[in-house]
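S.K.: Residue numbers (the numbering used here), protein chains in the order written: chain V, 94 to 368; chain L, 76 to 422.
Derived from the structure by calculation, the hints contain no laboratory data. Incorrect hints may appear among the rest.
As the list claims (entries may be wrong) - Lysine-lysine pairs mimicking PhoX-like chemistry, simulated, CA-CA at most 25 angstroms apart:
hint, chain 1, residue 1, chain 2, residue 2
1, V, Lys273, L, Lys205
2, L, Lys226, L, Lys100
3, L, Lys242, V, Lys273
To be verified - If you want the ones that stay clear, here's a sample from chain L, every Cβ over 12 angstroms from chain V, calculated:
hint, residue
4, Val82
5, Lys140
6, Tyr159
7, Met165
8, Asn170
9, Glu172
10, Phe173
11, Leu175
12, Lys176
13, Lys182
14, Arg221
15, Lys225
16, Asp233
17, His298
18, Ser336
19, Glu354
Each residue gets a CB set at the ideal place from its N, CA and C atoms; glycine is no exception.
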Amino acid sequence: MKKHNNIWLTVDTVLKVVILLAFIFPFLWMISTSLQTLEETMKFPPTILPEVPQWLNFVDAMTSGPFATYARNSLIVTISVIIIQLLVMIPAAYAFAKYEFFGKNVLFALVLIAFMIPGQLTFIPIYLMMADWGLIKTLLPQILPFMSNAFGIFLLRQYFMQIPEEIIEAARLDNANEFKIMWKIMVPMSKPALATVALFSFVSHWNDYFWPLVMTDSNEVRPLTLGISMLRETEGISNWHIIMAGNVVLVVPILIVYLFCSKQIVRAFVYSGIK
Amino acid sequence: MASIEFVNVTKEFDKKEIIKDLNLKIEDGTFTVLVGPSGCGKTTLLRMIAGIGPQTSGAVLIDGKDVTDIAPGKRGVAMVFQNYAIYPTMSVRENIEFGLKNNKVKKAERTELVESISAAVGLTDFLDRKPSTLSGGQRQRIALARAMVKKPSVFLMDEPLSNLDAKLRAQMRIDLIELHKKLGTTFVYVTHDQVEAMSMADTIVLMNQGLIQQEAPPETIYHEPSNIFVAQFIGVPPMNIDELGVGGVKFGFRPESAIGSTEAGTTPFSIRGEVVTREMLGSETLYKINYKDTSFMIKSLEDRFTVNQQVYVSVPTEKMYFFGEDGNRIPTSHPSYSSYIEALRSY
Ligand SMILES: Nc1ncnc2c1ncn2[C@@H]1O[C@H](COP(=O)(O)OP(=O)(O)OP(=O)(O)O)[C@@H](O)[C@H]1O
Ligand SMILES: [Mg+2]
């Protein structure tokens with residue numbers, strides 16, 4: 094019996110290590126490549142570790158284009174999207190979770206349908222509309238279409254529904270208006286869900302490549318992802334070490350944010366019953 | 076301070092009538108206890124007074140004014156919920172303060188109120204703790220303090236003691252009676268525990284299936300129940316009831332009114348039966364007595380009988396109750412009353 098357990102424990106551990114490696118290997122490869130010389134990146138068989146870490150690769154990457162502008166654009170777009178989304182999602186989710194009103198189910202179904210439509214279907218009309226409004230030279234085409242987040246509304250609604258009705262009624266008896274109930278009661282009680290939604294939003298907009306590629310036509314409004322992709326071709330050869338250095342720069346903020354949010358996120362999934 | 080009045084109130088949930096044409100007046104400053112079995116509509120009534128579950132038709136008046144269009148927070152009503160409904164992300168202080176802040180009470184006054192109320196309920200040491208770190212009894216006191224601090228003119232309490240252990244519950248019962256004396260405001264208290272109802276109420280409103288069965292002081296409810304339901308709801312164990320055998324009339328007597336003896340009694344109701352169970356409860360003993368094809372509970376201060384023993388049970392005439400076919404109690408002034416008494420002899 095004991096032996097049997099040991100075997101399973103070993104299998105379990107081995108599987109975990111394999112999965113871990115599968116996830117972490119590309120990541121380590123990226124970091125390693127970002128520190129190699131051009132010759133090293135093209136050697137066969139490939140070298141795992143750089144002989145001498147080439148820290149200057151980062152400087153090269155960041156000086157080969159207007160990276161300060163790219164970074165600024167990425168930050169402005171991502172942060173505005175998150176803030177606007179929270180402002181839209183919280184009241185929407187509160188209404189869907191705690192109010193009875195005419196057409197509620199139809200409206201919620203619309204939200205879920207919106208959740209399932211990929212951006213690749215809507216980008217042309219949206220681009221034309223933005224161009225029509227003369228906004229292509231601004232960051233707005235990267236922000237306005239994402240003011241609402243159907244997945245976020247769905248997740249927050251699930252979370253709000255679990256908050257007992259009596260707490261809201263107690264607040265009404267305490268003479269709190271609906272606005273206060275939302276911000277002083279619902280929001281503090283839903284921090285894990287809010288952190289999760291905000292993080293998902295952050296990752297998907299910070300990493301977004303397709304949408305800004307379509308919606309921008311000048312470096313003034315391009316985000317980091319596009320800037321880094323433009324590192325790819327210089328003088329006819331792929332500068333993999335420089336590209337990877339750019340990618341490391343792109344990924345670091347996500348790691349930092351994730352470290353801050355991970356605990357809250359796990360809690361959100363446990364609570365909302367998705368996990 | 077305020078009186079509360081229900082005028083022809085009905086309440087439906089999903090087209091099902093839960094409260095049927097209810098009329099009730101709760102006098103200013105009284106301690107009124109709503110009591111009844113689970114699901115009879117007690118919470119529903121409280122929620123109508125508070126304005127968080129409005130009536131389907133009819134009117135609720137507070138101090139003679141129809142409050143249908145007045146928001147819950149503006150009715151001068153505070154409520155202690157069945158599950159407390161404490162704000163979990165706020166500290167104890169913030170919980171108590173929340174209503175005051177919303178009512179735009181100045182900071183200095185707020186602090187003073189919170190301190191004095193929390194001292195009164197014994198929460199001073201916990202003001203900066205989160206509710207999740209406190210015990211059930213302490214949370215219950217947060218809920219009380221949160222209601223008290225607003226100085227409401229009506230205090231609604233929905234089974235506030237149901238989650239406490241027996242000892243703490245007994246203590247809180249006394250505290251609440253004292254609180255009512257001190258504040259002198261109108262208390263409406265919901266429970267399905269008849270001991271709580273009997274011990275705290277000025278007036279008991281006994282409900283069943285959305286209908287008021289009787290509205291009277293505890294003594295009256297106990298001594299003059301208006302029907303079989305009331306007679307059997309109040310009292311532990313419930314009143315013994317059986318067919319008299321005359322025109323569908325039933326008779327009843329309380330276990331504590333019966334006298335057990337080894338000698339035959341002289342009252343009209345006197346039977347000889349066999350003890351089938353004996354429960355020694357400390358100060359008193361309960362016996363279940365089999366008689367013919369039925370059985371009666373009797374309660375005795377002395378522990379005199381053993382199981383299988385043959386005993387006589389008699390009940391003084393003035394402690395006998397009679398109920399008509401409709402379940403309502405037949406008053407002693409009823410013309411046939413004495414004939415019912417006589418009928419007991421041939422039971
Ligand atoms: N929101 C609701 N939707 C549908 N039915 C409801 C709702 N609230 C209460 N009811 C029904 O109304 C009836 C009375 O409920 P209420 O909560 O007033 O009972 P209660 O007397 O407080 O019972 P308890 O002692 O168990 O708390 C019950 O049959 C209940 O099922
Ligand atoms: Mg109830």
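S.K.: Provide an ascending list of the numbers of those earlier hints which the structure does not satisfy.
M.R.: Those not satisfied are hints 3, 6, 7, 8, 9, 10, 11, 12, 14, 15 and 16.
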